[in-house]
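Student: Using the hints, put the two standalone chains together into the complex.
Chain by chain, the residues:
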Amino acid sequence: MTDPILSARGLVKRYGRVTAMDGADFDLYPGEILAVIGDNGAGKSSLIKALSGAVRPDEGEIRLGGEKISFDSPLDARKSGIETVYQTLALSPALSISDNMFMGREIRKPGVMGKWFRMLDKPAMDEFARQKLSELGLMTIQNIGQPVETLSGGQRQGVAVARAAAFGSRVIILDEPTAALGVKESRRVLDLIQDVRSRGIPIVLISHNMPHVFEVADRIHIHRLGRRLCTIDPKEHSMSDAVAYMTGAKLPEGLAA
Amino acid sequence: MSDTPDPVVERNANDKVASFDHRHRRPLDRVQHFLHQYPTMVPVIVLVLSLIAFGLISPNFFSAFNLSLILQQVAVVGTLAAAQSLVILTAGIDLSVGAVMVLISVVMGQLAVNFGVPVPLAILAGLICGAATGGLNGLLVTRLKLPPFITTLGTWNIFLALNYYVSGRETLRSQTLDAEAPMLKFFGERFNLGGAVLTYGVILMLVVFAVLYYALYKTAWGRRVYAVGDDPESAGLAGIQTRQVLMSVYVVAGVICALAAWSSIGRVGSISPTSFFEANLESITAVVIGGISLFGGRGSILGPLIGALIVGVFNSGLRLAGVDVLWQLFATGWLIILAVAIDQWIRKVSS
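These protein sequence lines map, in sequence, to chains X and E.
Numbers 1 to 257, taken from this note's numbering, label the letters of the first sequence in order.
Numbers 1001 to 1351, taken from this note's numbering, label the letters of the second sequence in order.
To be clear, the hints were calculated from the coordinates, so they are not data collected in a lab.
Restraint ranges, calculated between C-beta atoms of paired labels, are given here:
1) S169/X with I1203/E: 48 to 54 Å
2) S73/X with I1128/E: 31 to 37 Å
3) L1146/E with E253/X: 55 to 61 Å
Every residue gets a Cβ at the ideal spot worked out from N, C-alpha and C, and that includes glycine.
Here chain E stands alone, though its shape is the one from the complex (with noise of 0.2 Å):
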């Protein structure tokens, strides 16, 4: 410590003041802040590609019919991926979505075949027995400061015991619901266009997926929920009530389930309370796949519906050349460890 003054006390007028120099970049760096920029355009590229690639194999695969049945394939499982989607942008995971949606489909089904209940309330109670799912592992993640990961696997347990419970293991059929609760299944009924054959359970999916973008990027809600997700502290000292947010996200991840419980009826056709049990892995693939980061506060909403897509369209290209089962199994596991791959590396222009 010297008395003297230091020089850099000197202020120089003319200097401009606060301007910052633009580093230099390699065409790998450019390809890696495009990506950092733009998170979805990996799956997309991975899509289109394998568009392309399995329309060249089996020439039955650009069919109107075939590409919209694969999107009947994906929707409910697309639909759940939404609201995973929302638990991970919050750097989250939920483990219990799919079990979720069959307690909630087996709610709905009692409810109205075997409690008399009118459709349309039977249907509201699901929604509203999502939310409070939701609402469950909200609390738990908030309130008792439990890991959303821990958090979730104990209440998967718990709700497909409920589902078990509820359900007295017995399947509704579908005979039985188009006589008594034909609602249930408005998400599977079919109507054409153009040559494709689509189901509301489709647009249930797309609308979900175009509400959620809204939310996410045009109100300050979304804008909360990623800043929550990538740096909670940050977030709590700029003024956002973190603990708030995380609870909506739960709840609204709740009905969301509760719809593809809904859109699931209609897809199956009965209500079986073991069924969808891998719903939940396949959720969070579709959001892997989609881009979006384990870790929170990155990625874009709609990554998961092309992520699901892409799943979908391995799934018929490879079941169209003829190839064995266990290489779609295969080859999705890829695509899981090349997704977070590439999370990872673009992750790191932040450094």
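Isolated chain X, as found in the complex (with noise of 0.2 Å):
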């Protein structure tokens, strides 16, 4: 087997008396979309914060692509080619799609007006925007310069996905992509994360939808009392065990105690 793009060990992190994250590993393969399913309480958010640079954990080391790093903010994780989607999204529904896009890292005119007038270079923002929904099957929004806001609930997330997959050199996370949405617009952004899969870059998954997790995972990581209990391959594994896993009801082979 290749070597994990993304990988975590022993990762700990308490708040006050509460252990949040205790000995937590993570591992995360090129190519393939990884889903972290769990308990609400068990940590799951905990080790997606430290690997999106959120949270600085306490003890632990996490490597991306081998070399050890660690993150100081949501920036530095970026820097290093990984990208988030946030549940809340993270856009500005009044400013435009391709100003979401770009936020926090616009593109400036080449030249004098770039330089000294600190001029924005729309077009080429614009162009590479479209070049990117349109990558991802997301050729119907016309407008480029339509406000998010005004799009629906899956379009929104569309974008959001977009954002991720064009900077997100190495790893996506996204988080609950299909929580608020309905049956039609989680079915095309499941289309999308498979989209983006295809283009080679590794997806983490969190979401409570099993259905979901085990029509797109390749791997389920299944988390509890703040550390990782197994990862499962859907194809071996019902639903009812990876939920009976996730709540203690039932041990995975080879861990029975």
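Tutor: Structural data, given as structure tokens:
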């Protein structure tokens, strides 16, 4: 097996007397969709926050492409090529699709206008945004200058995923991407996730929706009591097995105490 | 939870991936969407209609002289409204702009007249003080996380007190300024432009708006100001240093207030610590009528310029028509309410 692109060993995070992560391990391999599931309070979000730079673990190490890394902020993680699509999407509703895609990393015009007058290269930004949306099959958004708030929930999710895919050169983390969506829109977002994966970018998918997880994931990381319980292959396990492992009703084979 | 695979799993290869339908729209929805896209159209329409109405009522209204007089009258409050707009775009409000303006005009005047500082240096010192006042507001809002309304209510009083302290409650007379610091009155100087009489203060106001327009729409800073005003948490997660952006907004607003202070000296002719007492609220009025949302992140920077002109046109038109001054206030009041009501309606598009 190839080496993991993103891995963590023995992560510990304490909040006062609460231990959110208790020696958590994590492995993401190139080109796969890894789902992370776990009961509420199992420490999923702490794990994800540590990987995306929003939280500094107290102990343990994270490696990206074999190199040891430590992030002070989500910006550091972004600079290393790890993009996160938050559950809230982190889009500015009143701004255009193109403005949102480039928020925080705008392109300036070349030459004097860009250097001295800090002028944005809007045509280049619009062109790039349109190209990225088209790559993900979001062609029907005709007007790249349209404010994000005029889009439907699924379209907004699409824009957020496109933004992550456009800049997330190494890993994309999706936090509950279908939680707020209807059946039809969830369907499209799942297709979108598979499109991103088919372009070679590995994805970490956090979700509570078992059918969605079992549909798209290559492997499922089950988190329990602050650490990784096991990783299962969705083709060899059923949803009820996964839920049983997750809640502690059943122990996976090989781990039986 | 069942073991059978979900029926949706089978993916139809012919399905067009992630395409979305457009909702059908009624005519009123179209208007709403149009205004949502171009929020400045509301004040533009109001301005055009009021120009036509007052032009029909009083024949003198449309003279180049009268129209240019309106521009002169709104120059100071208009410049101040530019500063106010920046703060309101970040979902804040700056109650201290008027006090800052008067304080800075007093600082410039005192330094130049009573402390013998060369006038250009006195003006520079005024601009720096303006930046400092904005910096203080910005620090309180970003570091202590105080609501802008309360912060600037406090600094309004503080700046007003400093203003009385620095000025010693004395007015610097026009003759004194003419003799010792004529440059302070530069923005009050008039010039003819084909029947219209403009002041350099009018030009200053237009330049300030033009520069802000460029900065807000053509630079990354401007896009970030809108993003921070729109949804600060999202902007932060998207990688924006929201505190830096807010800080820069308050400092720039302070500098614009200082420019308005210089302009106000020319407009009034003298420097009085008790002048422009209502400038705060007049600037907010211009911004609101100009269609900038008090909830932040929405509206065009050119709106407040038009908002200030609308107030000027109403005042001039009603006066020419021989109407009692109280009706100017009455009309302005209804304009504010109308503007906010329309803003609320437009914002419903997003739901």
